[in-house]
Amino acid sequence: MGAWGPAIFSDDVATDVRDDYKALLEDQVPDDEATQRVVARYKSLDADEAHVLWLALAATQSQLGRLDEHVKVRALEVIDQGIGLQEWREAGSKELAARVSALTKLRRQLTGPPPPRRTVRRSWRYETDLAPGDVLSFTASNGRVALLYVARIDDSRDGAIPILARLDWTGSALPDDGTISTLPTRTQTVTTLLGDEVRPDSCLTYLARRRDPDWQDTGFSRAGDRTLRGSTDEAIRFSTGSTWSQLATRLERELTRPQQR
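Sequential numbering of the sequence shown, starting at 1, is according to the working numbering.
Do not rely on the hints blindly, as some may be mistaken.
Here are the in silico distance ranges between beta carbons for each label pair [to be verified]:
1) 46 to 143: 54 to 64 Å
2) 176 to 40: 50 to 60 Å
3) 204 to 101: 17 to 27 Å
4) 208 to 26: 25 to 35 Å
5) 73 to 242: 39 to 49 Å
6) 111 to 253: 52 to 62 Å
7) 44 to 111: 53 to 63 Å
8) 259 to 101: 57 to 67 Å
9) 47 to 23: 18 to 28 Å
10) 129 to 31: 33 to 43 Å
Once the Cα atoms are required to be at most 20 Å apart in a straight line, the calculated EDC-like pairs of lysine to aspartate or glutamate come out as [unchecked claim]:
11) 72 to 19
12) 72 to 27
13) 105 to 69
14) 72 to 16
15) 105 to 129
16) 105 to 77
17) 22 to 69
18) 22 to 12
19) 72 to 87
20) 94 to 69
21) 43 to 12
22) 43 to 77
23) 105 to 127
24) 72 to 95
25) 72 to 31
Because the hints were derived from the structure by calculation, they are not lab data.
For every residue, glycine included, the Cβ atom is placed at its ideal position computed from N, Cα and C.
Given these sequences and hints, build the entire structure.
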């Protein structure tokens, strides 16, 4: 069971259905077509998960004032016939009661007066003005400088977001363009207490909100080109993401740390 709680959307499949449906509406796909696409996308769900599609889709459509009659009928069948409750019975009486309560609430929502139709707009999308090959410098409060370069841009519906890689250089003055173009990347790998491998010297760097400070406002400056501007480096792997402010804070802490002799 891919659920972590009794609520309709405390379930991996349910959240995927909701997000996929909303994404289609954000892309201005007509209601009927959006419904058909989502149903087609999830038609191969396992038998013990198939009912989640109808519950999640009906709940989402109802919240948006776009409840499809066929989806409503299928969701009510799931609720009224107790489809999918066996796993909750096995989990215990308390868990079963909580799930039944969530389903009862959804039934009232589906059979009650529909809310006004809501307009669905795509949320703000961060699009960086950096390009693959750009080299950025960051100068800490003690004058030490770190260099990072834009390995590539991760362009998706969520944004055009730079993947940064740390260059293997630290000093108090910028190297010349010829040196910058030949600097290797740092490839440090750290194993966490949970056994996961992370690469602290490469990361996806973004703005979480429109009003958050971008790279120019957090102490970074363009310092040159690592490669021909516009080329990409697909070999750089990253395991972390951070805002520009978080990255600046991390570099400041690292660069001002007393150096071991």
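Do the alpha carbons of residue 22 and residue 69 lie within 20 Å of each other, as the hint requires? Within the cut-off at roughly 18 Å; holds.
Distance restraint evaluation - residue 204, residue 101, Cβ atoms, bounds 17 to 27 Å: Roughly 40 Å apart at Cβ, these two residues miss the hinted range, so it is violated.
Restraint status (C-alpha distance of residue 22 to residue 12 at most 20 Å): holds, 16 Å
Satisfaction of the hinted span 39 to 49 Å by the C-beta atoms belonging to residue 73 and residue 242: Because 46 Å falls inside the window, the suggested range holds.
Given hint residue 19 paired with residue 72 - CA-CA distance at most 20 Å: holds, 18 Å
With a cut-off of 20 Å on the C-alpha distance, tell me whether residue 105 and residue 129 pass. Given pair residue 105, residue 129 is violated - Cα atoms ~47 Å apart, limit 20 Å.
Per the hint of 53 to 63 Å, is the separation of the Cβ atoms of residue 44 and residue 111 within bounds? violated, 30 Å
With a cut-off of 20 Å on the C-alpha distance, tell me whether residue 105 and residue 127 pass. With Cα atoms ~40 Å apart, residue 105 and residue 127 exceed 20 Å; violated.
Has the given pair, residue 72 with residue 95, been kept, meaning a C-alpha gap of at most 20 Å? violated, 25 Å
Please verify whether residue 94 and residue 69 have alpha carbons no more than 20 Å apart. Violated: residue 94 and residue 69 sit about 32 Å apart, past 20 Å.
For the hint 57 to 67 Å, verify it against the beta carbon of residue 259 and that of residue 101. holds, 59 Å
Need the status of pair residue 72, residue 87: alpha-carbon distance at most 20 Å? With Cα atoms ~23 Å apart, residue 72 and residue 87 exceed 20 Å; violated.
In summary, the structure is inconsistent with hints 3, 4, 7, 12, 15, 19, 20, 23, 24 from the numbered list given earlier, while agreeing with the others.
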